[in-house]
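> Listed below, chain by chain, are the residues.
2 protein chains.
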Amino acid sequence: MKNKLTYILCCLLQLCFLTSHAQEAVTTDVAPGIKKISTGVIDKLTPYSFCEEKPLTDALAKLPAAKLPFDVNAIRVNITDRGVLVEIPLDDTEQLYGFGLQIGSFNQRGLRKKPIVNDNPSADLGYTHAPTTFYVSNKGYGILVNTTRYTTFYCGTTAKNNGAAVVKNNTGGNSVDELYKNKDNGSGNVSVDVPGAKGIEIYVFEGPDLLNVLQRYNLFSGGGALPAMWGLGVKYRVKADFSQQQVGKMAAYFRANHIPCDVLGLEPRWQTAAYSCSYVWNNQFFPSPNEFIDTMKNKGFHINLWEHAFVSPKSPLYEPLKTKSGDYLVWNGLVPDFADPSARKLFADYHQETFVKHGISGFKMDECDNSNLTTGNSTWSFPEHSRFPSGLDGEQMHQVFGLLYQKTVYNIYKTLNLRTFLDVRASSSFASSYPAALYSDTYEHDEYIRMIVNSGFSGLIWSPEVRESKSIKDFMRRSQTAVLSAQTLYNSWYLQNPPWLQIDRDKNNKNELMPEAKQVEADVRTLLNFRMSLVPYLYRAFADYRLKGIPPFRALVVDYPQDKNTFDISDEYMIGQNILAAPLTEAADERKVYLPAGNWYDFNTNQKFEGGKSYTIKPSYTQLPIFIKEGTILPLAKPVEFITPDTKFEINCKVYGANPVSTSLFEDDGITFNFQTGSYNNVELSYMNNKGSVKRSGGFKKQRYVVKGWEVIK
Amino acid sequence: MKNKLTYILCCLLQLCFLTSHAQEAVTTDVAPGIKKISTGVIDKLTPYSFCEEKPLTDALAKLPAAKLPFDVNAIRVNITDRGVLVEIPLDDTEQLYGFGLQIGSFNQRGLRKKPIVNDNPSADLGYTHAPTTFYVSNKGYGILVNTTRYTTFYCGTTAKNNGAAVVKNNTGGNSVDELYKNKDNGSGNVSVDVPGAKGIEIYVFEGPDLLNVLQRYNLFSGGGALPAMWGLGVKYRVKADFSQQQVGKMAAYFRANHIPCDVLGLEPRWQTAAYSCSYVWNNQFFPSPNEFIDTMKNKGFHINLWEHAFVSPKSPLYEPLKTKSGDYLVWNGLVPDFADPSARKLFADYHQETFVKHGISGFKMDECDNSNLTTGNSTWSFPEHSRFPSGLDGEQMHQVFGLLYQKTVYNIYKTLNLRTFLDVRASSSFASSYPAALYSDTYEHDEYIRMIVNSGFSGLIWSPEVRESKSIKDFMRRSQTAVLSAQTLYNSWYLQNPPWLQIDRDKNNKNELMPEAKQVEADVRTLLNFRMSLVPYLYRAFADYRLKGIPPFRALVVDYPQDKNTFDISDEYMIGQNILAAPLTEAADERKVYLPAGNWYDFNTNQKFEGGKSYTIKPSYTQLPIFIKEGTILPLAKPVEFITPDTKFEINCKVYGANPVSTSLFEDDGITFNFQTGSYNNVELSYMNNKGSVKRSGGFKKQRYVVKGWEVIK
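Chains as they are written, first to last, in the UniProt record's numbering: chain A, 1 to 714; chain B, 1 to 714.
FYI, nobody ran anything at the bench for these hints, they're computed from the structure.
Keep in mind that this is a model prediction, so the values were computed, not measured.
A virtual CB, placed ideally from N, CA and C, is assigned to each residue, including glycine.
Check before you lean on any hint, since a few could be wrong.
Stated by the list, open to error - Below, a list of computed lysine-lysine pairs in the DSS-like style, where the Cα atoms sit at most 27 Å apart:
| no. | chain 1 | residue 1 | chain 2 | residue 2 |
| --- | --- | --- | --- | --- |
| 1 | A | Lys-322 | B | Lys-160 |
| 2 | B | Lys-322 | A | Lys-160 |
| 3 | B | Lys-473 | B | Lys-618 |
| 4 | A | Lys-67 | A | Lys-548 |
| 5 | A | Lys-114 | B | Lys-618 |
| 6 | A | Lys-44 | B | Lys-473 |
| 7 | A | Lys-160 | B | Lys-618 |
| 8 | A | Lys-648 | A | Lys-708 |
| 9 | A | Lys-701 | A | Lys-714 |
| 10 | B | Lys-44 | A | Lys-160 |
| 11 | A | Lys-648 | A | Lys-548 |
| 12 | A | Lys-324 | B | Lys-345 |
| 13 | B | Lys-648 | B | Lys-618 |
| 14 | B | Lys-114 | A | Lys-198 |
| 15 | B | Lys-414 | A | Lys-160 |
| 16 | B | Lys-345 | B | Lys-414 |
| 17 | A | Lys-44 | A | Lys-345 |
| 18 | A | Lys-618 | A | Lys-638 |
| 19 | A | Lys-198 | B | Lys-714 |
| 20 | B | Lys-299 | B | Lys-654 |
| 21 | B | Lys-160 | A | Lys-345 |
| 22 | A | Lys-239 | A | Lys-507 |
| 23 | B | Lys-618 | A | Lys-44 |
| 24 | A | Lys-357 | A | Lys-345 |
| 25 | A | Lys-638 | A | Lys-613 |
| 26 | A | Lys-114 | B | Lys-299 |
| 27 | B | Lys-299 | B | Lys-608 |
| 28 | B | Lys-345 | A | Lys-198 |
| 29 | A | Lys-322 | A | Lys-297 |
| 30 | A | Lys-198 | A | Lys-239 |
Claimed, not checked - To give an idea of the chain A side of the interface with chain B (calculated C-beta under 10 Å), a few residues:
| no. | residue |
| --- | --- |
| 31 | Ser-471 |
| 32 | Asp-474 |
| 33 | Phe-642 |
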């Protein structure tokens, strides 16, 4: 009877909605250059509803005047018994990008994409670790459909039966050659199908330029993430069954061999139970964890703990979370309803008291990406029809589970005024402010490079980790890519020794090192030292991400949206303002690199190249495949082995070309949020009349950068 | 205003539903051993709603008394704002099969399956050419969720958070070895998630045995299909750009070289437009089509026409279908609303007048499987949010488009009292009565074998076609599989010459024949002659399919549901009552064959084997890998090159073992439905006291089988 009443009430509510349904959609300005279209009964829990960060309106206001290449009212929303259909204008020439961390595709024009959370690119349906329902156009706008529902985007691939069809001049494809060539890409719009929705919110991010669109998106989400500075160093994850003593030995190896390392990651065995998780130190392997953390800290290592969010009956969190979890178990463990603030708080408080207060610097948040989806066996996550006390169903929760998990853990650090750099296996929309790097098991190097390029379209950080390798060449090229990415990570969770000593998994675990081990180790040291040299430059790029919303890693088309040659380039990208990276895989010892307008310098040879053309490069294993834009002042640090708040970087500036543009470094303590209240400096580097100068301004009292020299490259 | 009113009415309707929602599900007996559970507001257009065939209740009533291993009321249905959730009991030991023509998996226990229409098995999500929402258990029952919506089945893989979770004895998987071993397969039920549904119909097919379940399913669907007898011969599809003259030349080749062939299939170029279709003869290539059909007929060839259902603006069908089509075009062509009888009639009438009345014997109905789904480019079919005048949306239409297309074309022949054998790229539930063979481009030989085995669980006919090959071995093994399947098809739509003359596509099209061409041709002739020998036996098997619902091709577990060794065998199958087939691929020259209870004879060596064990066989390219059950009388015909209603089969009976069981042949004209009104004979073959006997009973006046000899194998 109660049920019946609920349904009747529910239905009356729907009546109200349906009355409003016939009304027009409402468009509002929510921030400079950002509009929101709302219509129908909108889900209470949307990706944006979980975004606690405030839009950085000051920074938004400083962007060039916004402009949309079409009338916003041309966006049509249709609500039916199936759900919501959104149609957005699309002109014949524009190019589309986004949909989160796409693995298999780059330019999405002409494709259908269903960005749903999963680790398996599965025939390029759109499955991804980070299913943002967000795309951008090179014409300078972005469309975000703010929903947790599985959504399909038809990017200019449909044609309507509206009576306009005519007999075309072509033959209709009646010969074999024409069979697979049909390019009749239909009408000029993007159709977005959101089954099950009864209303929708659409965020429209205006330009004028593509970069401005991304800036607006990131600034609206609270700005990009600024990781703790040590996060930009090197992370190494030890074998899953290492004991406290073995981790200590590994740490000693790094320092003895002067291989840079800032973070050591522990894998499952540190807990008493891992599938599902107890979140309790396993004293058999870690008899004195807090002492261990301190010892490591004194040697310059931060400790990161692997876990996932499925709570074992063995966990102290089990009882408190029992009624704040979904109605299905995973590995016999609870699925906390992270959409409920009180569930997040329980989880966070426990982690804060048990781990963070004792010095744990970060977590690797695994298994939040519904990774079983494509293996047939569904024990790896909760079913899509799960129900959570917050009202989300399993499908909706899947889409935001990684997002909410990040939020839960990130808030611990924020509360403590501590910055961090996390690892997470799934993310979503409006997540740019979370300092968490996505990772994957997929491990195709060319895809890993494409994911760096795609990450910038959706406010994501991607970590192309290195594990075992097919060959030394494969290993070295992967290492180069790792060095030229947001997080340099060697993930040895199933390797006894660092992979540079033995690339083969079995031999590695039998301690059979390669004959070339010492040479490869030396080469890796060279690469990692370069990474450490680049940290100040990268840190500036991340500060620009935080403060201006500029993605530190982004496709060439972002900076050169009018250059047709960039439209499909998914294996080159910009790092910060001035570096163009073009990683190689083991496929070949050389590759073509397209350089956009302007002049560019090969970082390794200092040779100057004219833009607008392609060149072939052939870097060695220790030469990073990067080009520097003419006019750049590139600050490179003397490599350190790890970074502390006291680290003072000795900078050498490389000046490229005759008319260098002044640049700056971002100077703060590197570990707190004090920069938000002004405790940081801009360290401006200029070079004029054959002389370099350093100008410091801001509220941070310490000097972290000392410029030691200037090197001019003509 | 009108819109608003519609919605208010709609909502009031929902109110009525919601009142009924709180009511219990209603269970009714719909046929002997078949129950229907109904609850909520059920979609008007379901797969069963399209089934015009009447249940064969007499045959159903003859089956053993039905039995369900659980109380039917234990099936729970829950309707929420997400859709419908169905939970069906599952005990710890039972094995599950079905979900249509699954490509990647066989035993579905422990898997999640989403049977949605597509040609790409894509990480074994469940995508298939024939997405039946139907599974069966070896415990002797079947469950069919009668919906056109995309549905997910969790086959015993979920565990509920119901307070029952306890700390288990295992360690919770905290060591690396345990990471991937978690076998905690959760509670005892199958969960079925039907998003978007507001009510549901569930058909429960009872046993007692698994075979009875399949019989009930097929009989309920109108019985299995009985193809025209010529359909069991050999089909050859010619190159897509062949002219009338070239087809004639190919026909002459077959007869001159005494290679059996009953059907020649024409590919796209016969039409004036093919993507989309005009359904108009292209007179440039076929200047006199009706004369051509007659000439071919006189030589014993049936002509089959390739097409798909997307109607070109160049087609005479375009204007009439314009308002009876979906709101999106495919290749600039209409998508007829085949759920609307008047659209089907227009399409059928045109085909009847233009083609069937002039002697076209069948069609290949292509492109109805949403095959673009996994390629990213969605121009290959209509979007899921399409709307059709009948009320179906695109998702729902996709699931039944192939089904309705078959129905449309099959009805032409039924109306004319002509039997046929069609090709179709997609099917669905309740389709067993359609004489249409499914085909695919996927072309993995081991998968093609598995699909034969899976086809029997869902009332489907599968054609593992042969095209080019990697090696002669690959080609010959594929040919063997084709001979041991429901349709023997060589698909040379992109090959100038028969593939047995050149397996390599490029060389084939350059007319560079293999040095071994004549030998391979001879070997293929041997195999195809065997096929023709088997036709009377196969025809009986199909008659049993039609009259008793017994799948002619089925997994060993169907006949031996208690034998654990059969539970996972997906590369052996039964053909008819007495033949066990175990095809080889090019992977090896020998294979293991498991033989179930009883004694079996190797067809090639006549060696006798004891069942319950595995043996290794090593058949040559011309030896079919089959075993014959002890007690079998196997009627084999002297091969003919093609089959007409006048063909008289000269039969030699092979008698296996000392106590043969009498068997029978099904005798009719082979081309009409007159058997339905009694115009057929049972030709009983017995062997006793060293003497064979033939006893004919029934209402068919002609004799098509003459028994010439008996061969006893001890």
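> With reference to the structure, classify each hint as holding or not holding.
Results for each hint:
About 12 Å separates the Cα atoms of A/Lys-322 and B/Lys-160, which keeps this hinted pair within 27 Å; it holds. A hinted pair counts as satisfied when its Cα atoms are at most 27 Å apart, and B/Lys-322 with A/Lys-160 qualifies at roughly 12 Å. For the proposed pair B/Lys-473 and B/Lys-618, the alpha carbon gap of about 13 Å is at most 27 Å, so the pair holds. At roughly 18 Å between alpha-carbon atoms, A/Lys-67 and A/Lys-548 fall within 27 Å of each other, so this suggested pair holds.
For the proposed pair A/Lys-114 and B/Lys-618, the alpha carbon gap of about 47 Å is over 27 Å, so the pair is violated. For the hint linking A/Lys-44 to B/Lys-473, the alpha-carbon distance of about 61 Å lies beyond 27 Å, and the restraint is violated. Between A/Lys-160 and B/Lys-618 the CA atoms are separated by roughly 57 Å; this puts the pair beyond 27 Å, and the hint is violated. Distance restraint check for A/Lys-648 and A/Lys-708: the Cα-Cα separation of roughly 12 Å lies within the 27 Å cut-off, and the hinted pair is therefore satisfied.
Pair hint A/Lys-701 plus A/Lys-714 does not hold up; C-alpha atoms about 36 Å apart against a cutoff of 27 Å. Of the pairs offered as hints, the one joining B/Lys-44 and A/Lys-160 holds, with about 26 Å between alpha carbons and a cut-off of 27 Å not exceeded. As the CA atoms of A/Lys-648 and A/Lys-548 are separated by approximately 26 Å, the hinted pair is consistent with the 27 Å bound. With a C-alpha separation of about 56 Å, the suggested pair A/Lys-324 and B/Lys-345 falls outside the 27 Å cut-off, and the hint is violated.
Note on B/Lys-648 and B/Lys-618: the hinted pairing is violated, with a Cα-Cα distance of about 34 Å set against a maximum of 27 Å. With a C-alpha separation of about 24 Å, the suggested pairing of B/Lys-114 with A/Lys-198 holds against the 27 Å cut-off. Pair hint B/Lys-414 plus A/Lys-160 does not hold up; C-alpha atoms about 34 Å apart against a cutoff of 27 Å. For the proposed pair B/Lys-345 and B/Lys-414, the alpha carbon gap of about 13 Å is at most 27 Å, so the pair holds.
At most 27 Å may separate the alpha-carbon atoms for a hinted pair to count; A/Lys-44 and A/Lys-345 meet this at roughly 20 Å. Between A/Lys-618 and A/Lys-638, the direct Cα distance comes to roughly 26 Å. Compliance with the 27 Å bound is thereby established for this hinted pair. About 72 Å separates the Cα atoms of A/Lys-198 and B/Lys-714, which puts this hinted pair outside 27 Å; it is violated. Our distance criterion of 27 Å between C-alpha atoms is broken by B/Lys-299 and B/Lys-654, whose separation comes to about 31 Å.
With a C-alpha separation of about 24 Å, the suggested pair B/Lys-160 and A/Lys-345 falls inside the 27 Å cut-off, and the hint holds. For the hint linking A/Lys-239 to A/Lys-507, the alpha-carbon distance of about 14 Å falls within 27 Å, and the restraint holds. Annotation: proposed proximity of B/Lys-618 to A/Lys-44 is violated, straight-line Cα distance about 65 Å (limit 27 Å). Taking the CA atoms of A/Lys-357 and A/Lys-345, the gap is about 16 Å. The hint holds against a cut of 27 Å.
Restraint check for A/Lys-638 and A/Lys-613: not satisfied, since their Cα atoms lie roughly 33 Å apart, outside the 27 Å limit. Simply put, A/Lys-114 and B/Lys-299 have alpha-carbon atoms about 52 Å apart, too far for the 27 Å limit, and the pair is violated. As the CA atoms of B/Lys-299 and B/Lys-608 are separated by approximately 42 Å, the hinted pair breaks the 27 Å bound. At roughly 36 Å between alpha-carbon atoms, B/Lys-345 and A/Lys-198 are farther apart than 27 Å, so this suggested pair is violated.
Annotation: proposed proximity of A/Lys-322 to A/Lys-297 is violated, straight-line Cα distance about 36 Å (limit 27 Å). A C-alpha spacing of about 48 Å is found between A/Lys-198 and A/Lys-239, which places the hinted pair above 27 Å, so the restraint is violated. The closest approach between the C-beta of A/Ser-471 and any C-beta of chain B is roughly 25 Å, which is over the 10 Å cut-off, so the hint fails. Among the interface hints, the one on A/Asp-474 is violated; its C-beta lies about 23 Å from the nearest C-beta in chain B, farther than the 10 Å criterion.
For A/Phe-642, the suggested interface contact is broken, since its CB lies about 28 Å from the closest CB of chain B, more than 10 Å.
Taken one by one, the earlier hints fail for this structure at numbers 5, 6, 7, 9, 12, 13, 15, 19, 20, 23, 25, 26, 27, 28, 29, 30, 31, 32, 33, listed in ascending order.
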